[in-house]
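Counting in the numbering used here, the sequence shown tops out at residue 186, every number present.
Simulated pairs of lysine to any residue, SDA-like, Cα-Cα distance not exceeding 25 Å:
#, residue 1, residue 2
1, K106, A80
2, K106, T3
3, K77, E87
4, K106, G82
5, K106, P8
The set of hints was computed from the structure by calculation and includes no laboratory data. None of these values were measured; they are calculated from a predicted model.
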Amino acid sequence: MTTLFGTPDIAIGIKESVSRVRLFDGPLDLSWRHCATTSDFIADVFALRFRSSRNDYMEVRHSIVYLVNELIENAVKFRAPGEILIEASMDSECFKLKVSNDVDGKIASGFQNLLADITAGDPVDLLIQRIELNAANPEVTGSGLGLLTLMSDYGARLAWIFSAADESDRICVETYASIPISQIHN
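My request is simple: use the sequences and hints to build the entire structure.
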């Protein structure tokens with residue numbers, strides 16, 4: 001069974017030129033430092049086309065770093081053991097990202113409940129509500145603040161597809177994101 005949350009039309013298409021990076025689970029274990037390093041690398045590669053304007057380059061790079069880092073951190077934090085696949089593409093209008101990883105069934109269920117909440121309303125209003133909730137209860141984790149910030153502050157369009165993985169209690173999560181680039185450099 002496949003379940004979709006978010007905007008269904010932002011998937012990275014087969015006809016696009018896609019760059020792929022795989023983070024393998026291994027003796028060094030995937031950790032937070034891999035998120036920042038990978039995010040910086042991807043942002044540097046895709047922001048290069050804007051190097052003629054330092055301001056445009058820095059804005060595009062910052063937006064890509066924030067998006068990629070947020071989604072890779074979520075994948076590292078909640079994944080079942082295994083690799084994380086990152087696919088990225090960019091055209092004159094937007095930067096697109098897909099992050100794929102497996103999670104166990106319990107994590108998938110909790111994440112789907114969160115997504116049902118944060119995709120149901122206005123991201124700005126929901127962000128304010130979640131900030132207030134977190135301020136009242138600092139122990140709250142998995143509140144969706146990063147995803148809501150992407151939607152409200154960066155204009156990100158997000159989608160998630162959950163489908164059965166090869167192993168019995170594992171679910172494959174594909175996270176899709178698109179942020180406008182044309183607005184940044186015009």
